[in-house]
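Visitor: Take a look at the letters that make up each chain.
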Amino acid sequence: MYRYDEFDHQFVRARTAQFRNQVERRLAGTITEDQFKPLRLMNGLYLQLHAYMLRVAIPYGTLSSKQMRQLGMIADKYDRGYGHFTTRQNIQFNWPELTAVPDILDDLADVEMHAIQTSGNCIRNVTSDPWSGSTADEIEDPRPTCEILRQWSSLHPEFTFLPRKFKIAVNGATEDRAAIRAHDIGIQIVRNDEGEVGYHVLVGGGLGRTPIMAQSLNPFVTREQLLPYLEACMRVYNRYGRRDNKYKARIKILVQEEGIDKFRSEVEKEYAALTPADIAVDQEEIDRITAYFSPPEYEDLSDVDTDYQRALETNAEFKSWNDNNVAAHKIAGYAIANISLKPIDGAPGDITGEQMRSVADMADSFSFGEIRATHEQNLVLANVKKADLFALWMRLKEAKLADDNIGLISDIICCPGMDYCALATARSIPIAQQIYERFKDPARQKAIGEMKIKISGCINACGHHHVGHIGILGLEKAGVENYQVKLGGDATETAAVGAVTGKGFEADELIDAIERMVDLYLDKKEGEERFLDTYRRIGMDPFKEVLYGAA
Amino acid sequence: MSTLKHKGKGPQALTANGLRKGPVVYLTPDYVWSTDYADALITEDAAAIEKMGETGDRDEDANLIVGPYFIDVEADSGLPARYREKFRMNGPSFDPGQPTHIDHNKARGALIIGGEK
Chain V
1 MYRYDEFDHQ FVRARTAQFR NQVERRLAGT ITEDQFKPLR LMNGLYLQLH
51 AYMLRVAIPY GTLSSKQMRQ LGMIADKYDR GYGHFTTRQN IQFNWPELTA
101 VPDILDDLAD VEMHAIQTSG NCIRNVTSDP WSGSTADEIE DPRPTCEILR
151 QWSSLHPEFT FLPRKFKIAV NGATEDRAAI RAHDIGIQIV RNDEGEVGYH
201 VLVGGGLGRT PIMAQSLNPF VTREQLLPYL EACMRVYNRY GRRDNKYKAR
251 IKILVQEEGI DKFRSEVEKE YAALTPADIA VDQEEIDRIT AYFSPPEYED
301 LSDVDTDYQR ALETNAEFKS WNDNNVAAHK IAGYAIANIS LKPIDGAPGD
351 ITGEQMRSVA DMADSFSFGE IRATHEQNLV LANVKKADLF ALWMRLKEAK
401 LADDNIGLIS DIICCPGMDY CALATARSIP IAQQIYERFK DPARQKAIGE
451 MKIKISGCIN ACGHHHVGHI GILGLEKAGV ENYQVKLGGD ATETAAVGAV
501 TGKGFEADEL IDAIERMVDL YLDKKEGEER FLDTYRRIGM DPFKEVLYGA
551 A
Chain G
1 MSTLKHKGKG PQALTANGLR KGPVVYLTPD YVWSTDYADA LITEDAAAIE
51 KMGETGDRDE DANLIVGPYF IDVEADSGLP ARYREKFRMN GPSFDPGQPT
101 HIDHNKARGA LIIGGEK
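Chains V and G supply the protein sequences, listed in that same order. As numbered in my numbering, residues 1 to 551 make up the first sequence, in order. As numbered in my numbering, residues 1 to 117 make up the second sequence, in order.
Calculated directly from the structure, the hints in this document are not laboratory data. None of the values given here were measured: they were computed from a predicted structure. A couple of the hints might just be wrong.
Heads up, simulated BS3-like pairs for lysine-lysine below, C-alpha to C-alpha not over 30 angstroms straight-line [unchecked claim]:
1. K477/V <-> K51/G
2. K9/G <-> K400/V
3. K21/G <-> K165/V
4. K248/V <-> K5/G
5. K319/V <-> K246/V
6. K5/G <-> K246/V
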């Protein structure tokens with residue numbers, strides 16, 4: 001993975017020192033809260049419902065074991081022993097004290113981490129496919145591109161005060177595991193007819209209160225053109241994006257209001273006016289960065305491991321975990337091991353300091369010391385020998401991280417909701433827990449198959465409810481939590497915004513309502529259909545009928 | 001005059017977050033800030049509400065607290081009227097932290113900010 005160079009170290013240290021001074025001035029009263037608030041937000045520090053919250057950037061979700069151990073140390077030393085992985089592949093600490101934050105940032109800088117680009121109207125931390133580098137359907141590993149974008153966007157002086165925040169996701173495989181169509185700019189790595197690798201740039205996607213899927217802006221941008229082309233896009237947005245209304249300030253509104261053709265012609269005009277060579281990275285630099293992501297030293301293995309096969313045949317519990325959590329690797333004898341952060345008694349994405357250290361140790365033993373965070377709030381060891389999977393699973397069990405529910409109905413994306421968030425209108429964590437409780441029977445979960453339930457505790461949609469197969473939005477109606485249901489959302493290459501079923505449900509009715517929809521699906525499903533496929537085939541009406549009775 | 005407005009009806013309490021540690025705090029009858037809602041000054045008296053607002057402004061200027069605002073209180077139960085404020089008072093309904101928010105406050109006793117202490 002990427003290692004900081006001198007420049008990276010210098011700017012992160014300088015920024016940390018600067019923030020320490022800003023905190024000192026705030027505590028001494030020489031700057032007011034109004035002056036301090038934008039400064040702390042630029043360093044990932046929010047004031048939430050109960051306490052401060054620090055959001056730490058994990059560039060494209062990639063972490064070393066050393067970094068994970070440091071996050072565990074921070075959880076124990078400065079917080080209450082845990083952290084929370086977010087839908088942006090970042091990690092949040094829910095209880096830091098303001099006076100401790102400069103020390104936390106120093107400790108993060110020690111392991112090449114920071115909390116920049118996790119808040120504010122800048123280009124946020126770039127996100128990507130958590131299986132990068134390990135799948136056979138990959139056109140190219142997206143991480144070098146992500147790292148180039150990180151270096152370009154971090155503290156970019158021109159894009160520090162955009163009309164609104166700006167999120168970029170990069171996907172390098174044919175399957176979209178980075179939800180690129182739900183981003184301000186989505187970048188799909190493609191190969192053209194000449195065999196040249198380049199980028200399909202999509203623009204104007206986003207969730208929030210106005211969910212829109214990104215549209216195609218340019219089907220093929222070459223490697224050399226990428227940064228100048230993005231710079232042109234950002235300039236057009238920076239100039240014309242609406243600053244008069246916070247709720248209309250995202251690029252999706254600009255693209256929608258102006259139309260994609262007009263937006264494209266503005267980008268082309270801007271591109272023609274700039275000097276691409278001033279912005280583009282040269283081949284030498286691309287090669288230097290790409291070298292950091294060279295494949296690890298895979299062993300030359302047979303794809304069949306007899307001990308592993310025997311364990312699968314003799315241990316049903318291991319087999320269940322293997323079937324649900326392990327994905328195929330491009331290299332013979334290797335596998336991708338997904339670690340579920342969705343236990344029945346926890347909050348989706350939560351992990352204790354001790355578990356962070358355990359995962360770090362497992363990464364060192366089994367996956368070249370590297371860990372990925374996913375936007376679905378799980379973790380990944382992307383390069384595990386099949387021969388090591390049983391030993392890994394034993395360690396996961398010991399660490400209480402062996403839930404075998406990846407991709408199933410209990411693998412729920414869920415924002416912190418009213419339990420932690422100052423913006424929330426209802427709780428989301430208890431809903432996720434109640435759904436898991438209702439569907440905890442493993443055989444039933446398997447029969448239901450792939451199911452993406454996504455829960456947001458307010459219309460800002462951090463829990464991605466617009467793109468859930470079943471999406472749930474928590475609202476408050478006269479002091480009572482009320483949950484709106486959406487169906488048919490999809491965050492992948494077949495992206496779609498879900499449709500609202502109708503009237504919302506109170507918490508105690510909601511789980512029954514979900515169960516009725518799941519039972520309907522099981523009754524109507526044909527062949528290998530997933531819930532989403534059946535919904536697409538039979539439409540909304542039958543679901544409405546089980547939810548609300550005959551019309 | 002206080003810059004803090006309240007649009008609510010009935011009894012009022014004044015809440016904020018502590019600046020240094022960030023906890024939810026309530027203004028007490030001694031015009032200091034406590035992390036325990038049971039200590040909160042709850043009143044309908046216009047003069048008292050004016051003084052509460054002034055204290056909020058003063059203590060924000062004195063870098064003790066952040067973002068003071070009035071909350072409506074239910075006359076019968078004495079609890080915050082708004083759903084959100086009930087959560088702010090109680091802490092998270094799911095709290096994996098060690099110790100939990102509630103245990104932490106119990107163990108340390110209410111944190112008092114301001115006054116002579």
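Visitor: Hint by hint, say whether it matches the structure.
Guide: Going down the list of hints, with the structure as the test:
1. K477/V <-> K51/G: It is violated: about 33 angstroms lies between the C-alpha atoms, which goes past 30 angstroms.
2. K9/G <-> K400/V: With Cα atoms ~50 angstroms apart, K9/G and K400/V exceed 30 angstroms; violated.
3. K21/G <-> K165/V: holds (27 angstroms)
4. K248/V <-> K5/G: holds (29 angstroms)
5. K319/V <-> K246/V: Given pair K319/V, K246/V is violated - Cα atoms ~50 angstroms apart, limit 30 angstroms.
6. K5/G <-> K246/V: holds (24 angstroms)
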